[in-house]
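For the protein sequence lines, the chains are W and U, in the order given.
Numbering-wise (my numbering), the first sequence opens with residue 11 and increments by one.
Numbering-wise (my numbering), the second sequence opens with residue 1213 and increments by one.
Since the hints were derived computationally from the structure, they do not count as laboratory data.
Check before you lean on any hint, since a few could be wrong.
Unchecked claim - Computed list of lysine-lysine pairs in DSS-like fashion (alpha-carbon distance at most 25 Å, straight line):
| # | chain 1 | residue 1 | chain 2 | residue 2 |
| --- | --- | --- | --- | --- |
| 1 | W | 179 | U | 1536 |
| 2 | W | 179 | W | 123 |
| 3 | U | 1536 | U | 1386 |
| 4 | W | 179 | U | 1405 |
What the hints assert, rightly or not - Here are some, though not all, of the chain U residues that point toward chain W, as calculated from beta-carbon distances under 7 Å:
| # | residue |
| --- | --- |
| 5 | 1409 |
| 6 | 1410 |
| 7 | 1500 |
| 8 | 1511 |
| 9 | 1513 |
It should be emphasised that the depicted structure is a prediction, and the values quoted were computed from it without experimental measurement.
Each residue gets a CB set at the ideal place from its N, CA and C atoms; glycine is no exception.
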Amino acid sequence: MARQARFPARHGWLVWVAGLLPLAWVVWRGLSGDLGPDPAKALVSHLGWWGMVWLIACLTVRPLVQLAGWPRLFPLRRWFGLLAFTWLSLHFLGWAWLLLGWDAGSIVSEIGKRPYILVGFSAWLLLLPLALTSTRTARRRLGRRWQVLHRLIYPAVLLGLLHDFWLQKSGYGEPLLFAAMIVLLLGWRWHHSRQRGGPASAA
Amino acid sequence: MLIRHKHKSDIPASEITPEGVYLRRREFMAAAGGAALMASAPSLAALSDAAAEDSSRPAWMRKAVAARGDGAPDATDATTPYTDAIRYNNFYEFGTAKDDPAANADSLRPHPWTVTVDGEVGRPGDYALEDILKPHPLEERIYRFRCVEAWSMVVPWVGFPLGDLLRRFEPTSKARYVRFETLADPEQMPGLKNPFTGIDWPYTEGLRLDEAMHPLTLMVVGMYGRTLPNQNGAPLRLMVPWKYGFKSIKSIVRISLMSEQPSTTWNDLAPGEYGFYANVNPAVDHPRWSQARERRLPTSLFNPNWRDTLMFNGYQEQVAGLYKGMDLRRFY
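Pulled out of the complex, with its shape left as it was, chain U reads as follows (with noise of 0.2 Å):
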């Protein structure tokens, strides 16, 4: 079916694209000639935005993300151009566009931040979000991203296992599901303003916690080598390499350890459209619009770069067996 590498799922070394080259492409484009000097106009102006914050970020954590060890199992086709993976968001506390969270998530304040973890540990708690970190290396894994909506990007994500944190806070045998919160301040999210989203805020999403212990499941504070920009989830957000985007919830306030499975948020929303898996899956449509191909992102007017999507987001061979003698049909 596919060639062969040592995992199924790596994305060849040749094809990453190094990280002054990602950074600075469009910068390159635009010093190119007059045409992509155009062209780059709102990138360099979302790559400005981002430096920026980039830079007001306290010192420690900066220096953590900076510090990154390389995350082994990674490679990929190409990553998606930095400009395109900070523009490009959906995160409807800040507007239903896609451009809405570039625009508007200037006013979270993702400093000070605390992390609630209650239910079934043994070490419930308010967690600064130094605190959070302190203890675990950070590392680089470059994951496919598949929104449900049929796009999808590749990102060098920087964050640590999701289960080396939970085992921390010391689950209790009743422990069988792990739900997440998105902060929900009207404050700071112009999003939760509009009466017509139909959206039950806060945002939760939820894992099983055996997806939740899996080493590919990542908790993110960084990508490109750089924190979180707020429309991408700052400061801290979870990252479900084989599942559709909406699973990777941004932005978390609190971190819960549940004897039964939580409700979600888009699950809630359209049932019959959004499971609690969102596991990708070509075979399995939405009911509005097919899931055998995705549109890699950045396309262009005239190819719309379609490829075919891989079952399980191609990390097949390291999570198929959470899932062994499911319908995977009947939990979509």
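So here's chain W without its partners, still in its complex pose (with noise of 0.2 Å):
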């Protein structure tokens, strides 16, 4: 690594700030009524479409490091997958808020109750882990286990596409383009560990 590490190893945080810009533009279409008349559950779509989004951006940045050539490219993975997470946790606190009003009582039986809403939220939690270890600190010290640990992003990924596919009553066009993609993605991964004769490693 060069001695003066540059963008996006420094500043890296100015990724996550312009990747959550278009929060503000999204939220103010809910707030003007530009979200037609039912803006919260709109809101709350548009705040899962990007952490899919993002979370797809992350699993293309190994194949971009190594079909271009530019290792410098690495540490977006981490702002990629910050930003998933982000996004991810908005769409839950948006749910849980602006749809159900904080009432606790409905919150944990929707979960319970809607096979859809417990997959989308076991994706979530399964990225838990991966934002709280996002430091350099937290990788240095788990070492070897911290490139384990953060494969979870591909069931965490698998599964945000079946609640994706799951919520919709028919038309699979969005979801069948993200599922196209995942499975390019992996399907390189996948090619790449058989030449290499390793397991596949983290994102």
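Reassemble the complex: the two chains are provided individually, in unrelated frames, and hints are given to aid placement.
Take a look at the structure:
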């Protein structure tokens, strides 16, 4: 690594801030009536959509680094991952607050009764330890175990995809697009790990 | 349980917004200040589109709608603003997002329009819309509208009882069900080109004959005192107020009297989730969400506006008799 780390190794948080800018836009649309007559519902799905987008973005960093031979981009995984976690936390909080009004009884019973909500909630739970161990210190301290732990992004992204499919009444257009990208990205890793003869490493 | 009016389903007259006000509410808000102006920009666009569309309808039809009588047993919780009712629609022939129909339904050509009547009837044939409507005085009925997705609106429809129409075609003694079919023309309906909906077009719906003949069941040609906007099912749609919204099929081109229960689109697509009857019932959940409550639209970002869902959408007194002795958990 270069002695003087440059962006995104330094000031990578700018990526996180930039990635949250659409939040202001979508909240404004919700407040101004532009999200239609059911703005909370629309806002919550927007939050979930951005979460999926950043999860997938996180999975594209390794192929990008290896295809372009540009290891400097690796730190982006952290910020993309944190963006996914932030949007998905807002997605969960938005659902609990704007749609269920912090009614603990409804929140618990909905998570328990609706399989698609349970699946989405599980995906968020899997991302929680990844967000908590995203610092360089945690990474150093965990060593090899950090790599293993961060493979949780794979089940998380698949559960997120299942959650998205399960929400559809008919019309699988958008989750199909996510699915195609995920298959491509995971397929690429599988192909590479076979070539190297080792297990897939963290995202 | 509830405060008793003459009919439990009645909506107190004091809560009904006068037409001039419900059509102009957003414009009024727009005048109220800068923020409100921003707020109503999309609504105003929808409003002027709808006005232009209405003025393009044939004069005879506009006249008929304008001359509507006051269909007595209505009254509602406050009426949903017109601009919301015309930009939040499920009409997959124009796209699966709620705002797709308002954006894409311009390509529908509701005039001229022909309805085929066939099956167990004495007088089958292809009828021009004008002939379908001619003998029927139109009336305005304000009904609660409850979507299976757990949101609801309150809409002043303009139409006439379906039963009056069916009687004209002289159903035979074998007729026990009515099947309805929506137009399926990819030229006019871009949503039909989407290969991922899983829907086998045309959209079809059905009613038992006694449900179809019930005086609450309405053939609709207008709403809010105007002809139906394309995205709301122009020129002719069904409205069955005690059933989930998907039963109230839009842009009808075919009405068939049947001796057997017809297959219906959502029931075919997911039989475990959408039954043939689809009566609004807070006690029977959809497998993926609760039906005990509904969000009355419009909601705001910080108020989901939940309210308890009423049995048969509040029309229990009038329609419960149709289902006497039936297990509504089994026949959902």
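For each hint, the structure was consulted:
1. W/179 - U/1536: violated (31 Å)
2. W/179 - W/123: holds (18 Å)
3. U/1536 - U/1386: Given that 25 Å is the threshold and the Cα spacing comes to 22 Å, the pair holds.
4. W/179 - U/1405: holds (18 Å)
5. 1409: At about 5 Å, which falls below the 7 Å cut-off, the nearest Cβ of chain W leaves the hint on residue 1409 of chain U intact, so it holds.
6. 1410: Holds: closest Cβ of chain W sits about 5 Å from residue 1410 of chain U, inside 7 Å.
7. 1500: Holds. Min distance 6 Å.
8. 1511: holds (5 Å)
9. 1513: holds (5 Å)
The structure fails hint 1 only (numbered hints given earlier).
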